[in-house]
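**Student:** Line by line, the protein sequences give chains E and Z.
Heads up: the first sequence is residues 214 to 330, going by the working numbering.
Heads up: the second sequence is residues 525 to 641, going by the working numbering.
Everything labelled a hint here was simulated from the structure, so no lab data went into it.
Keep in mind that a hint or two might mislead.
Unchecked claim - Heads up, incomplete: computed chain E residues facing chain Z, CB under 7 Å, no partners named: (1) F278; (2) G285; (3) F287; (4) I318; (5) G324.
Claimed, not checked - Derived DSS-like pairs: lysine-lysine, alpha-carbon spacing no greater than 27 Å straight-line: (6) K540/Z - K270/E; (7) K284/E - K224/E; (8) K640/Z - K594/Z; (9) K540/Z - K562/Z; (10) K527/Z - K640/Z; (11) K270/E - K562/Z; (12) K562/Z - K224/E.
Note that the Cβ used here is the ideal one computed from N, Cα and C, for glycine as well.
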Amino acid sequence: DTGVSQNPRHKITKRGQNVTFRCDPISEHNRLYWYRQTLGQGPEFLTYFQNEAQLEKSRLLSDRFSAERPKGSFSTLEIQRTEQGDSAMYLCASSLAGGVSQKNIQYFGAGTRLSVL
Amino acid sequence: AQKVTQAQTEISVVEKEDVTLDCVYETRDTTYYLFWYKQPPSGELVFLIRRNSFDEQNEISGRYSWNFQKSTSSFNFTITASQVVDSAVYFCALSGEVNNAGNMLTFGGGTRLMVKP
C-alpha cells in the first residue's frame, strides 16, 4: 500500500495562468476527496468522487475550478485564471466507502502547495 | 451546519509533560464520526483515531488517549509523557452519516503543539 500520492508538491505560477494538480489515491479506494488549506487554518472541503462520479461540490469551488476522476482512478484538479487568493495547500484524500471497520477513514496525501504571484 | 472548534491555537510544553488538546463540535446529525489527525511539518495529515457517536468509551493507544463526552459535545485528546516528535499541528474533525453527501470532513482550526526538550 503506497499511500496517497500528489504531484507536484510545489507549484509557483503567475496570476492568470492555469494550473493542474494530480492525485493518485490508495489503490482500491473508491472515494476521493479534495480539500484546500490556507496558512494557519484547517482544511476545507472542496469536492469528492465516488468512483468516477463527482457527488458533492463545495460553494468554495468556483467556476474556475474543475475536478475530474476519469475511470475512477487518479484525479486532477484544475484552476483556471489563477488569482492570488488561490494560494494554498491543496490536499487529496481517499477512502473506502462504508461505515464499519477501516472504511470511511480518509487518508491524506502530502498536498500540493500553490503560490500565485 | 457542522462546526468544530479548537480553542487552543498553540500549546508549548516541556518534554515528558502531559498535554490535553481540546475539541468541541456542533452537529444536528444523530449519527456522526469524530476524528483526530496529526500534521507534521512535512504537511501530510496522519490519521490518529475515529470514533462514532454511539461509542462514548474512552480509548487509549500507547501514550495517546481520547475522552469523548456527548453531553458536552467534546472529544479531547491527551498525550502522556510528551516527546519532541509529538510536535505538530493536531486537527479535530467531524463527518456526518456515512453514506450521505455529508461524508466530507469538517475540520477545526488546529492546535499547534510544541514540545521542547
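**Student:** Can the restraint linking K270/E and K562/Z be considered satisfied, given a maximum Cα separation of 27 Å?
**Tutor:** Status holds; Cα separation ~25 Å.
**Student:** Tell me if the interface restraint on I318/E is satisfied: Cβ within less than 7 Å of some Cβ in chain Z.
**Tutor:** 6 Å, holds
**Student:** Does K224/E sit within 27 Å of K284/E, going by the straight-line distance between their CA atoms?
**Tutor:** This hinted pair holds, its Cα atoms lying about 26 Å apart.
**Student:** Sort out whether K562/Z lies within 27 Å of K540/Z, counting only the CA atoms.
**Tutor:** Measuring from Cα to Cα gives roughly 19 Å; hence the hint holds.
**Student:** So, as I understand it, the hint says F287/E touches chain Z; can you test that by seeing if any CB pair is closer than 7 Å?
**Tutor:** Constraint on F287/E not satisfied, violated at 18 Å.
**Student:** Keeping to a limit of 27 Å between CA atoms, is the pair of K527/Z and K640/Z held or broken?
**Tutor:** Violated. K527/Z to K640/Z sits at ~31 Å, over the 27 Å cutoff.
**Student:** Given the hint that K562/Z pairs with K224/E, test it: the Cα-Cα distance must not exceed 27 Å.
**Tutor:** Within the cut-off at roughly 24 Å; holds.
**Student:** For a C-alpha distance cap of 27 Å, please report whether K540/Z and K270/E respect it.
**Tutor:** 44 Å, violated
**Student:** Tell me if G324/E is really an interface residue toward chain Z, meaning its C-beta lies closer than 7 Å to one of theirs.
**Tutor:** 5 Å, holds
**Student:** Could you grab the alpha-carbon distance between K640/Z and K594/Z and see if it respects the 27 Å cut-off?
**Tutor:** 33 Å, violated
**Student:** Against chain Z, is G285/E within 7 Å by beta-carbon distance?
**Tutor:** 17 Å, violated
**Student:** Let's test the interface hint: is any C-beta of chain Z closer than 7 Å to that of F278/E?
**Tutor:** 16 Å, violated
Going through the hint list in order, the structure does not satisfy hints 1, 2, 3, 6, 8 and 10.
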